[in-house]
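A.B. asks: Given next are the chains, with one letter for each unit.
Protein chains: 2
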Amino acid sequence: MKILRTIQEIEEYTKAVKASGRTIGLVPTMGALHEGHLTLMRLARQSCDVVLASVFVNPVQFGPGEDYDAYPRQFEDDCAQLATVPVDAVFHPDPVVMYPSGYATYINVESAITQKLCGAKRPGHFRGVATVVVKLMNLARADKAFFGQKDAQQVVVIHRFVADLNLPVEVVMAPISREASGLARSSRNVYLSASERTAALVLHRSLQAAQTAFSQGEKECLRLKQIVQTVLGSEPLADPDYVELYSFPELADISRVQGPALLAIAVRIGRTRLIDNIILEAEKPCC
Amino acid sequence: MKILRTIQEIEEYTKAVKASGRTIGLVPTMGALHEGHLTLMRLARQSCDVVLASVFVNPVQFGPGEDYDAYPRQFEDDCAQLATVPVDAVFHPDPVVMYPSGYATYINVESAITQKLCGAKRPGHFRGVATVVVKLMNLARADKAFFGQKDAQQVVVIHRFVADLNLPVEVVMAPISREASGLARSSRNVYLSASERTAALVLHRSLQAAQTAFSQGEKECLRLKQIVQTVLGSEPLADPDYVELYSFPELADISRVQGPALLAIAVRIGRTRLIDNIILEAEKPCC
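Going line by line, the protein sequences match chains E and Y. The first sequence runs contiguously to residue 340 in my numbering. The second sequence runs contiguously to residue 340 in my numbering.
Hints listed in this document are in silico derivations from the structure and should not be mistaken for laboratory results. Incorrect hints may have been included.
Identical chains share a label here; the pair holds if one copy fits it or two copies do between them.
Under the rule of at most 35 Å between Cα atoms (straight-line distance), these lysine-lysine pairs were calculated in the DSBU-like manner [as the list claims (entries may be wrong)]: (1) Lys-174 to Lys-71; (2) Lys-174 to Lys-55; (3) Lys-174 to Lys-272; (4) Lys-169 to Lys-197; (5) Lys-174 to Lys-278; (6) Lys-71 to Lys-55; (7) Lys-169 to Lys-272; (8) Lys-278 to Lys-169; (9) Lys-55 to Lys-197; (10) Lys-174 to Lys-197.
The shape of chain E in the complex, shown without the other chains (with noise of 0.2 Å):
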């Protein structure tokens, strides 16, 4: 697996990758790996000929007083993940290669969907997020790049600007990965203490919950809501950021579920901030 780390060196690999003809499969990571990313890396190598991972934890997203530096940060761990997929090659820059002395440029997705959930909750996070990636979409020249549905408010800003920017990208969204408890695979979970990490199972079970509802019928956005509130007010450890229900993917305000929905929430579960989600699928009409 080739190590690459300068500008240079990655646009020598991809551009001879691209010169012979084959296929670039991009997976952006912020490292601290785990069988949610490991999930993207094996579905990129299925379609494309070469999987290109990124590791870099990129500040421009990280808003002050949020956890840039203490963010979990073990390359050679991740390196020997990568490998078992396996991957041909890793992007991991310094910061300053990716932003050197100088650097001006970036990229806003001026729309609600940027406003919402994480977006209000993190100022500057989605401007941060769509400049690296699309950075990181023109280092790797990639036709395909990978995303989970973890981050389902990122894949629709992704969405957004590479077909805004008319960026020759496929991008892919993967299922949540989760441990057989429930939880949401996240590199966030290692700041988790043993009782914290039980009272994170409240995140998937109050989806769940409002899951059970919609599948027997419940369709009112706002009852919906409720039932993920009740359940989250049952674990005094658990402080909701927020819980919303939008349609998906273009995430506008509704007040019945009447096609895809998001429903998304966030939670500090002690100094943790966790986010989950489901979309919920109204049924296909009855022939």
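Following the hints, put chain Y in place on chain E, whose structure we already have.
C.D. replies: Chain Y in isolation, oriented as in the chain E frame:
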């Protein structure tokens, strides 16, 4: 010469060209083509396998009250000129093709280089330029893109975001194309009456006066700008918008010319705003 009007048409065209291993030179224009544009096309012809021109009056780079509606549109005449080069294909989309309903993504170069000169006088102008040029570069799958020095600040901004976003495109700047009278060629020259056209010669004359003084040893920016202003002041129809001198390509404030420097002016002649510039090159120290 192929005429491409939709995203699908240009994507299919450029994808096929690239798949065959040929290089693509992009020359973005707003149409109303003149000899300056054709010089860019010929430059592209010399160094790229396929030359793709775009003719698109980009609404996003015009401010309220600017000349978006009045901007000259003469696509058939443009095509006749392009065919003489010859150009291989021209992309001529409707605005709704480039900015469909729901469009939301804009590129901001958050640097002093967009705050000066035309950036100070035309808020949002370079946001519009950056956004459309990134879209065109992506659609064209361009290896090189060609721009004229008359919009020197634009070229500086394009260099900035191409480097920042790691776009795999080489930016080429061609010298200003001038009529025999010295008037810089511009699509906006058609707005000028006969007497205004004569008055407009003062732009180049003022820059030449500064160039002469510079060649004779004058390095003080204040003095060089005064020389320009004095010449401009001699023409009753000329109303200067700005006269500025910055280092090039950094566009940093300077008090003396010690390296390459951009002497740039914007002047209203009647209701028409014209720009012109020269790059002052400090002589190399003698052996």
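A.B. asks: With identical chains treated as interchangeable, where does the CA-CA distance between Lys-169 and Lys-272 reach 35 Å or less: within a copy, between copies, both, or neither?
C.D. replies: Result: close within a single copy only, 21 Å intra versus 54 Å inter.
A.B. asks: Is it within a copy, between copies, both, or neither that the alpha carbon of Lys-174 lies no farther than 35 Å from that of Lys-272?
C.D. replies: within (26 Å within a copy, 52 Å between copies)
A.B. asks: How would you label the pair Lys-174, Lys-55 (within, between, both, or neither) given a Cα cut-off of 35 Å?
C.D. replies: For Lys-174 and Lys-55, the Cα distance exceeds 35 Å both inside one copy (37 Å) and across copies (48 Å).
A.B. asks: How do Lys-55 and Lys-197 come out at 35 Å by Cα distance, when the copy is not named: within, between, both, or neither?
C.D. replies: The answer is both: 19 Å in one copy and 29 Å across copies each meet 35 Å.
A.B. asks: At most 35 Å between C-alpha atoms: does Lys-174 with Lys-197 qualify within a copy, between copies, both, or neither?
C.D. replies: within (29 Å within a copy, 41 Å between copies)
A.B. asks: As a check of your reading, is Lys-71 near Lys-55 (CA-CA no more than 35 Å) within one copy, between copies, both or neither?
C.D. replies: Close inside one copy (16 Å) and across copies (26 Å); limit 35 Å.
A.B. asks: Under a CA distance limit of 35 Å, which applies to Lys-278 and Lys-169: within one copy, between copies, both, or neither?
C.D. replies: within (16 Å within a copy, 50 Å between copies)
A.B. asks: When no copy is named, should Lys-174 and Lys-71 be tagged within, between, both, or neither for a Cα gap of at most 35 Å?
C.D. replies: Neither: 39 Å inside a chain and 43 Å across chains, both beyond 35 Å.
A.B. asks: When no copy is named, should Lys-174 and Lys-278 be tagged within, between, both, or neither for a Cα gap of at most 35 Å?
C.D. replies: within (18 Å within a copy, 49 Å between copies)
A.B. asks: For the identical chains here, do Lys-169 and Lys-197 meet the 35 Å Cα criterion within one copy, between copies, both, or neither?
C.D. replies: Within one copy, since 27 Å is at most 35 Å while 39 Å is not.
Going down the numbered hints, you'll see the structure goes against 1, 2, while the others check out.
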